[in-house]
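A.B. asks: Build the full structure now, drawing on both the sequences and the hints.
Letter by letter, the chains look like this.
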Amino acid sequence: MGSLINYIIRRVLFMIPVFIGVTLFTFLIGNAAGNPINLIRLAFKGTLPQNVYLQLVAYYHIGENPLIRYLYYLWDLIHFDLGLSITSQRPVASEIGPWVWTTLYLQLSALALALLIGIPIAIYSARHQHSKSDTTITGIAIFGYSTPTFWLGIIFIYIFSFYLRVLPSSGAVSAITPWWGNWTLDRIAHLILPMTVLTYVQLATIIRLLRGNLLEVLKQDYILAAMASGLKERAVIYGHALRNAITPIITIIGLSLGASLAGAPGLETAFSWPGLGYEFTQAALALDIPTVLGITVIISVMVLVANLATDLVYGFLDPRVRVS
Amino acid sequence: MEDLLKVEDLRTYFFTEAGVVKAVDGISLDVRKGESHGLVGESGSGKSVTALSVMRIVPKPGKIVGGKISFDGTDLLTLKEDDMRRVRGSKIAMVFQDPISSLDPLYTVGKQLIEAIRANNETVSKEQARDMAISLLSNVEISEPERRFNQYPHELSGGMKQRIAIARALARTPTLLFADEPTTNLDVTIQAQVLNLMKDLKKNFNMTLVLITHDMGIIAEMTSRVTVVYAGQVSESAETHTLFYHPTHPYTEALLKAVPRLDKRKQLQSVGGNIPNLIDPPTGCRFHPRCPYAIQICKEKVPDYEEVETDHFVACHRWKELSLVGVQ
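Line by line, the protein sequences are chains L and U. So the first sequence is numbered by this note's numbering: it starts at 33 and just counts up by one. So the second sequence is numbered by this note's numbering: it starts at 15 and just counts up by one.
If you're looking for bench data, these hints aren't it; they were derived computationally from the structure. Each hint should be verified, as a subset may be incorrect.
With a straight-line cut-off of 30 Å between C-alpha atoms, the simulated DSSO-like cross-links for lysine-lysine are [what the hints assert, rightly or not]:
no. : chain 1 : residue 1 : chain 2 : residue 2
1   : L       : K251      : U       : K82
2   : L       : K251      : U       : K271
3   : U       : K20       : L       : K264
4   : U       : K216      : L       : K251
5   : U       : K74       : L       : K164
6   : L       : K164      : U       : K77
7   : L       : K264      : U       : K82
8   : L       : K251      : U       : K20
9   : L       : K264      : U       : K77
10  : U       : K271      : L       : K264
11  : L       : K251      : U       : K334
12  : U       : K334      : L       : K264
13  : U       : K105      : L       : K264
14  : L       : K264      : U       : K313
15  : L       : K264      : U       : K315
16  : L       : K251      : U       : K77
17  : U       : K47       : L       : K264
18  : L       : K251      : U       : K74
A quick note: this is a predicted structure, and the numbers were derived from the prediction, not measured.
C.D. replies: Written out as structure tokens, the structure reads:
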């Protein structure tokens, strides 16, 4: 147990240089985009009072070396201060919270659904390799795997929102009280389309990988040996084959989870889904550098944590990589 | 002695995209109660598939398409899957070639043994099964069984893994044990230990053993009778002693010549050529393209499986006229 804690501490320490690298890089690129004060000035159409202007210069440490300004930024960061958003003039830290949550429940519900549907389908497909249904499943999976989410999103919006008029096309919730007066149902109605698109794409990945791994695992002698000991086929499939085939997939899902928590900018933009990906795109277009930086910081932390969590879960699932 | 296992004209084909691979194409085998029977042949000759067919666990796309398998008076091929499952492990068990891949890497040794002990046998409590597993580990001469019980396969050596695979096969004291090249992937010194262990266990557990190997040395050491298979068919079957000293099939002679000898300074002879493609096997006698004695009839007609003497059968057109050389 002590070695596990040591391992985690070591891993967390290793995160620091990665974190600094990512944020420094984004910070410098953000600087290259221009002076934020000029943008504010533009917003005030030249009516910015001199004293406010000087306050802003002091606040953003304009005129200092960019590296010194980065250190100021890090210092604020340690105090959970991500600066003020240029477009909304509200603290970035309090703006980001709801976006993280909106992205999270879209991504996680889609992932859960994809696993729930994908695992039995992959098992069926692997056990009936080269059958008609296997070929069909593989075909649909390859289609999903190679389809961009935003394109599929637009098609879904066209069919279900524009043509059939059954589901809302954008946002996570209605702007006005829906006619049936239930906000939970309203949120679910908004969730259905983007979740379906995301589920389909993730389903495709899961089926493709799991089917391939299962075919490999089913050839192993320990599967035959388990059958030869008189175990039921179900016990062999779920107890031995699935467990061995899914372990490497957990890694892939875990690693991609970090990235998908960053939101799918394409998908979120197609559905105007107010998550991290959509807001990041909006902030970048508006040259709202503090927001862009803030989102990058949050995403880097989430990716790093997801990677560590994946390693730990993998060690739990596979004794061969357990830390000793 | 009566037959414990009688396989007649077994045919197991693999329906692959490239064509139908006739891995086992008319193998017959009789294994007597209490004997050690050798099943010998090159890789890909259908030895392992024969064993998998008897247990009815041939992996897809393989399928048993013909023949009869009777075990202790029961016709195995007509049994329902549920009843066949009760035969596996309790009556017939199997040890696989590669100890590295025949144990599930994600479960402890103990868990895999308990699983085998309790398969179709839930009346055994987990605590009882644990005690049985520990005693199985001592039966296969594993040191510190209590500690090994909680270890994972990757923490053990190859020899130890194979002992554990043997322990799992013995979990429910089967009457018949297939050992599919149990020592091929082990170091030579470990090989001898494992073979001796199998000899002892066979005696102590009162088992019948079918030893699958391509190693004539192991056959000589371990078995009393042998069946030689070539390209999915039986070429010769005899008592081990007879087969070694009076082979009647040219393939047997070639196998014997390919055994390295320490006492004779002679170049090692391999069996020329390769095992034929089993999708489109040679016509006539399947060994004819590699046979130094082949004549026209060998290419045209499939030889009958004839009795040379009691307990000695051969499938060769020319066995009467040839005087083949065995071990000298």
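A.B. asks: Hint by hint, say whether it matches the structure.
C.D. replies: Quick rundown of the hints versus the structure:
1. Annotation: proposed proximity of K251/L to K82/U holds, straight-line Cα distance about 26 Å (limit 30 Å).
2. Our distance criterion of 30 Å between C-alpha atoms is broken by K251/L and K271/U, whose separation comes to about 34 Å.
3. Proximity of K20/U to K264/L is assessed by CA-CA distance (about 26 Å); at most 30 Å being required, the pair is judged to hold.
4. Note on K216/U and K251/L: the hinted pairing holds, with a Cα-Cα distance of about 29 Å set against a maximum of 30 Å.
5. Taking the CA atoms of K74/U and K164/L, the gap is about 16 Å. The hint holds against a cut of 30 Å.
6. Proposed proximity of K164/L and K77/U is supported: the alpha carbons are some 19 Å apart, at most 30 Å.
7. Proposed proximity of K264/L and K82/U is supported: the alpha carbons are some 24 Å apart, at most 30 Å.
8. This hinted pair checks out: K251/L and K20/U have alpha carbons roughly 28 Å apart, not beyond 30 Å.
9. As the CA atoms of K264/L and K77/U are separated by approximately 19 Å, the hinted pair is consistent with the 30 Å bound.
10. Straight-line distance between C-alpha atoms of K271/U and K264/L comes to about 45 Å, which puts the hinted pair past the 30 Å bound.
11. For the hint linking K251/L to K334/U, the alpha-carbon distance of about 44 Å lies beyond 30 Å, and the restraint is violated.
12. For the suggested pair K334/U and K264/L, the alpha carbons sit about 50 Å apart, so the restraint of at most 30 Å is broken.
13. For the hint pairing K105/U with K264/L, the CA-to-CA distance comes to about 16 Å; that is within 30 Å, so the pair holds.
14. Only pairs whose Cα atoms come within 30 Å are accepted, and K264/L paired with K313/U is rejected, the gap being roughly 46 Å.
15. Among the hinted pairs, K264/L with K315/U is inconsistent with the structure: their alpha-carbon atoms are about 45 Å apart, more than 30 Å.
16. Under the criterion of a C-alpha separation no larger than 30 Å, the hint pairing K251/L with K77/U is consistent with the structure, at around 15 Å.
17. Taking the CA atoms of K47/U and K264/L, the gap is about 28 Å. The hint holds against a cut of 30 Å.
18. A distance of roughly 9 Å separates the Cα atoms of K251/L and K74/U; the hinted pair therefore holds under the 30 Å criterion.
Hints 2, 10, 11, 12, 14 and 15 from the list above are not met by this structure, while the remaining hints are.
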